[in-house]
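Residue-level listing of the chains:
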Amino acid sequence: MTDSPHTPVPKPQRFPALRRIFQPVAETRGFARFMLWTGAVLTGLFILMAIFAPWLSPYAFDQYQLAGVAFPQTAPPSALHPLGTNVQSTDVLAQILWGARTELLVVALALILALAIGVPLGLIAGYFGGWFDRIMVLVMDAMFAIPSLLLALVIAFLLGSSIASGIVVAAAAITIVYVPQYFRVLRNHVTSVREESYVEAARAIGAPPSTILTKYIFFNVIQAIPVLATLNAADAILTLTGLGFLGYGVQPTQGAEWGYDVSRAVGDAASGIWWTTLFPGLAIVLLVTGLTLLGEGLNETINPVLRQRAATRVNMEDEA
Amino acid sequence: MQTKPDTAPDAPAPDVPLVSVRNLKTWFEIRGGVLDRMLGRDAGTVKAVDDVTFDLARGEVLGLVGESGSGKSTLGRSLLGLVHATGGSASFEGQEVVGLDEPALRKLRSRMQMVFQDPHAALNPAMTIAQSVGHPLTIHGRLKGRDEIRAHVAKTLERVGLSPADTYMDKYPGDLSGGQKQRAVIARAIVLDPVLLVADEPVSMLDMSVRSKILKLMIDLKDQLGLTYLYITHDLASAKFFCDRIAILYLGKIVEIGEARALYAGPKHPYTEALLGAIPDPDPTRTIPRNLPRGEIPDAAKPPRGCAFHPRCPRAFAPCGWELRDLTPVLEARWAGMEEQAHLAERALIGEIPAEVMEGTTARLPAATPGGGADLLAMLERIRSEDPAEPFWTGIKEMRAEADHVAMEFHPALTPRLYAEGTTAAACHLLDPGLTHPRAAAAPVL
Ligand SMILES: Nc1ncnc2c1ncn2[C@@H]1O[C@H](COP(=O)(O)OP(=O)(O)OP(=O)(O)O)[C@@H](O)[C@H]1O
Ligand code: SF4
Ligand SMILES: [Mg+2]
Chain A
1 MTDSPHTPVP
11 KPQRFPALRR
21 IFQPVAETRG
31 FARFMLWTGA
41 VLTGLFILMA
51 IFAPWLSPYA
61 FDQYQLAGVA
71 FPQTAPPSAL
81 HPLGTNVQST
91 DVLAQILWGA
101 RTELLVVALA
111 LILALAIGVP
121 LGLIAGYFGG
131 WFDRIMVLVM
141 DAMFAIPSLL
151 LALVIAFLLG
161 SSIASGIVVA
171 AAAITIVYVP
181 QYFRVLRNHV
191 TSVREESYVE
201 AARAIGAPPS
211 TILTKYIFFN
221 VIQAIPVLAT
231 LNAADAILTL
241 TGLGFLGYGV
251 QPTQGAEWGY
261 DVSRAVGDAA
271 SGIWWTTLFP
281 GLAIVLLVTG
291 LTLLGEGLNE
301 TINPVLRQRA
311 ATRVNMEDEA
Chain B
1 MQTKPDTAPD
11 APAPDVPLVS
21 VRNLKTWFEI
31 RGGVLDRMLG
41 RDAGTVKAVD
51 DVTFDLARGE
61 VLGLVGESGS
71 GKSTLGRSLL
81 GLVHATGGSA
91 SFEGQEVVGL
101 DEPALRKLRS
111 RMQMVFQDPH
121 AALNPAMTIA
131 QSVGHPLTIH
141 GRLKGRDEIR
151 AHVAKTLERV
161 GLSPADTYMD
171 KYPGDLSGGQ
181 KQRAVIARAI
191 VLDPVLLVAD
201 EPVSMLDMSV
211 RSKILKLMID
221 LKDQLGLTYL
231 YITHDLASAK
241 FFCDRIAILY
251 LGKIVEIGEA
261 RALYAGPKHP
271 YTEALLGAIP
281 DPDPTRTIPR
291 NLPRGEIPDA
301 AKPPRGCAFH
311 PRCPRAFAPC
321 GWELRDLTPV
331 LEARWAGMEE
341 QAHLAERALI
351 GEIPAEVMEG
361 TTARLPAATP
371 GGGADLLAML
381 ERIRSEDPAE
391 PFWTGIKEMR
401 AEADHVAMEF
411 HPALTPRLYA
421 EGTTAAACHL
431 LDPGLTHPRA
441 AAAPVL
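Heads up: the sequence lines are chains A and B, in that order.
Counting from 1, position 85 in the first sequence corresponds to residue 85 in the numbering used here; the numbering is continuous, with no gaps.
Counting from 1, position 208 in the second sequence corresponds to residue 208 in the numbering used here; the numbering is continuous, with no gaps.
Among these hints, one or two may not hold up.
As the list claims (entries may be wrong) - According to the in silico footprint, chain A covers these stretches of chain B (three or more CB under 8 Å from chain A): (1) 114 to 121; (2) 136 to 142.
Stated by the list, open to error - Within a straight-line C-alpha distance of at most 30 Å, the following computed DSSO-like cross-link-like pairs (lysine-lysine) qualify: (3) B/LYS144 to A/LYS215; (4) B/LYS107 to B/LYS25; (5) B/LYS155 to A/LYS215; (6) B/LYS171 to A/LYS215; (7) B/LYS397 to A/LYS215.
Read the hints as simulated data drawn from the structure, not as lab findings.
For each residue, glycine too, the CB sits at the ideal point set by N, CA and C.
Make a model of the complete structure from these sequences and hints.
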């Protein structure tokens, strides 16, 4: 009637929800844009390496001979071994490429598991409160208080004897470390969103708790997840390589792992063998940097949008 | 509209009220600090709704008016079962709401709906307008199929003036203006074809220019759909045009209720008088009526005894519930208008006035120094003689000086019940023919 807008009617969009999510990414400017894109490119490179390792890598990760001829030990970079070989006679380039696969696989597995456990627990504890909430907060805070590498070490040590796959053990150890973070963020967010009047409105139209949680609360609290997950991935790489360095990570027979590589090469640098530590170390630094930049870039990109949306409620513009 | 749920008895007796509320109580326990909880100490109870009784006939608009914190929203939410009442009864279409479990309440909510104060906050930011408005249909299984729901949503949007509906269907709440959002909220409330709408300050957060349009829309919808409204507002002026009957709420209790015109023409309760006296000020920025009598709204966890309005009531007298802590605002008002020296001299005589609710009818006002009781009494007598019109003194039967304090004997506190006269009723001792107002008797001339 009277308060229809004067702007021309926009064409119906096919995926309004998707556009809403990606619009801020396209509109980022300045330093946030730099962080976002640098991070995305670096991370993307490692993802490509992980996916195409079997084709990119000249050798298998545990290969130490070719046609009956053993690789030289700690040989400097050459045409046959572009990044040299290490003390176990395996090719350093192969270790880097296959290592990318191990690192990303373990971290992805761990993140998915941590999300699958932490998010529902946070939603339920935050929405229903009560004794369940209090117990969960207590347990999660206690877990959060333990240094992450120590916690991961204990879990890896406990599971290592009963589970054969080093990948699964490492992923489980890292999962336990990050569940409390997702739980805390989700739970605190839910306790504040729960008081919003659209949640009461949902009750008023007769929505049962399950519908309220999935349709009214979930979508308004998951915005915090992409940023946290990306930053956690960076942190998780460090935890995994830390485990590997200490010998409790993925075992060398099961996959290449940069932290383990570094641990075997620590003595080399003193005798002038720089390639065995430099390249795995560089890989760790670059991947962690890439993920961190991506996370911080996303943070800068998504949060202004959240802040702006919060501000519109204060001065509600109105029609004639 | 077309679909009527089978739970609705379609032909109720015409004289049975749609809503019948009897002695409804919604009390909140305040959770104290950690220490309080560990010691099992009760931090107190807020009687947000306390002993409220009223009826709401089909097709009627009842206005619920009161200052902030008077319990308007809590009363509305208790009716819908959004908060659980702690006592009394509220029946809707003959069905008791108090004590009903959540699944039964959810079913009932297709018949009673709510419109919220802040339209921006009341819509899920992650849902389009069509999803928000159509969701009740899905929840209650009214319509099946996307197209059918969309068609019904479109019709409802047109009905609330969001026309053409296609312009709005796929927008997010953030894309609409406040007035448009409130129309969408109203659309969501009527999409199930309810009979009762609780509207909690539906226009107070909107621009002045759209307020009357939204109210006009609500009147039109009421006529077209045969709705019954519980209209919550703190603005007695807007209630005048909108409501058939008005209930004035003060600290969780109805202090006056009745036919709107009669209530405006002849308010019986001093609080209603004060609210009406505040109306001629058209300042839109004000949310609380001005010119209200002295004092603040009391702490809801420690409400005054007797008539809760007595500390602010210009006509309060002996039975209204006077207690020792009422002396504090009296003295503060006096001191505010005094010279610094004289004020400090008076303050030096008096000890700490207790802030707690008084038990029984006797209290001790401590003197500042041991043996200062006699001086303190002399000062109190002087203050009384300088302003004998101050209602506080009517509550005191006797004051006696003891060594270190003044012993005071108060009149017993009486809680006023509703006295009906004509088409309105008010809860005030002035209407009790058995009680005589001291000033009415002493000074008939004026
Ligand atoms: N969930 C709750 N827990 C504890 N106290 C509450 C709760 N809800 C309301 N109250 C208290 O009950 C009293 C009445 O609140 P209510 O919101 O009903 O008032 P209102 O008349 O709607 O005020 P306003 O005009 O500010 O909306 C207030 O003292 C408030 O602090
Ligand atoms: S009972 Fe009447 S006169 Fe007494 S305080 Fe209340 S409103 Fe005032
Ligand atoms: Mg309110």
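Going down the list of hints, with the structure as the test:
1. Counting residues of the stretch 114 to 121 of chain B whose beta carbon lies closer than 8 Å to any beta carbon of chain A gives 6, which reaches the threshold of three, so the coverage claim holds.
2. Counting residues of the stretch 136 to 142 of chain B whose beta carbon lies closer than 8 Å to any beta carbon of chain A gives 3, which reaches the threshold of three, so the coverage claim holds.
3. Taken as a hint, the B/LYS144 and A/LYS215 pair is honoured in the structure, with Cα atoms around 18 Å apart against an allowance of 30 Å.
4. Using a Cα cut-off of 30 Å, the hinted pair B/LYS107 and B/LYS25 holds, with the two alpha carbons roughly 23 Å apart.
5. Of the pairs offered as hints, the one joining B/LYS155 and A/LYS215 holds, with about 24 Å between alpha carbons and a cut-off of 30 Å not exceeded.
6. Our distance criterion of 30 Å between C-alpha atoms is met by B/LYS171 and A/LYS215, whose separation comes to about 17 Å.
7. About 63 Å separates the Cα atoms of B/LYS397 and A/LYS215, which puts this hinted pair outside 30 Å; it is violated.
Consistency note: the structure conflicts with earlier hint 7 alone.
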